[in-house]
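Novice: Sequence:
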Amino acid sequence: MASLRHEFYETDEKLMLSVFDRGADPETVSVQFEPRKFLYRNGDKVVSLQPLQGQIDPTRSDYTVGKVKVEIRLAKMVQGRWGSLVGEAPDSLQCFVALAGSVAPSSSEVPISHKNWEGITTDILTSDKEKTMEQDPNVGGDSSVNAFFQKIFADADDDTRRAMMKSFQESGGTTLSTNWEDVKKTKVEVKPPAGSEWKKWS
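Residue 8 is where the sequence shown starts when you use our numbering, and the numbers rise one by one after that.
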């Protein structure tokens, strides 16, 4: 009997095994799935893995015969990583069943709580509604800031408007003053935000 090269990778739910058997004929390939055993046979070529590191579900496990290799998908009974294909580790499913059977049910069982999904959905949907300016002064972002400055400009007298336009233009948009007495005397300095550097573009 010849042994075949094989490799595997796994997820929490499945273990994918590649058996490198070039030109395998689907008619002659035989695959057996058992809870802790896997057997691949093609003529005198054999791959036997037992005991598997964990239990598989033979009904959900399958395989595909390709030109270069045979892809086998072993469905795990218990989610988790095995780390290796075979091993003498105790079967976690058997241990769980044994533990569950040995624990006697208590008379004061803890009631199962049920989620009120309708209430959770309602809470999420009501929390997503837009807040007003009174609830959150930052709501609306730039558009609300612009609306605020437009309101100041619209309600201002001529000197305040002049001061706002001169300070905004001369500072490159970094300063906005409403005091015409300060602004009319000199050119308004550029004051970039902290951590920024002003560069003049030509």
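The hints are simulated quantities; they were obtained by calculation from the structure and are not laboratory data.
Wrong hints could be hidden among the right ones.
Quick list of simulated restraints, FRET-style, between CB atoms [to be verified]:
#	residue 1	residue 2	range
1	A154	G179	30 to 36 Å
2	E20	G50	28 to 34 Å
3	E20	K158	57 to 63 Å
On a predicted model such as this, the values are computed, not experimentally measured, just so you know.
We treat Cβ as the ideally placed atom computed from N, Cα and C, and that holds for glycine.
Novice: Are the hints correct? Go through all of them and say.
Specialist: Now the hints, each set against the structure:
1. A154 with G179: 30 to 36 Å: Check failed, 22 Å falls outside 30 to 36 Å.
2. E20 with G50: 28 to 34 Å: The hint (28 to 34 Å, Cβ to Cβ) holds, given that E20 and G50 are roughly 32 Å apart.
3. E20 with K158: 57 to 63 Å: Hint holds: Cβ distance 59 Å, inside 57 to 63 Å.
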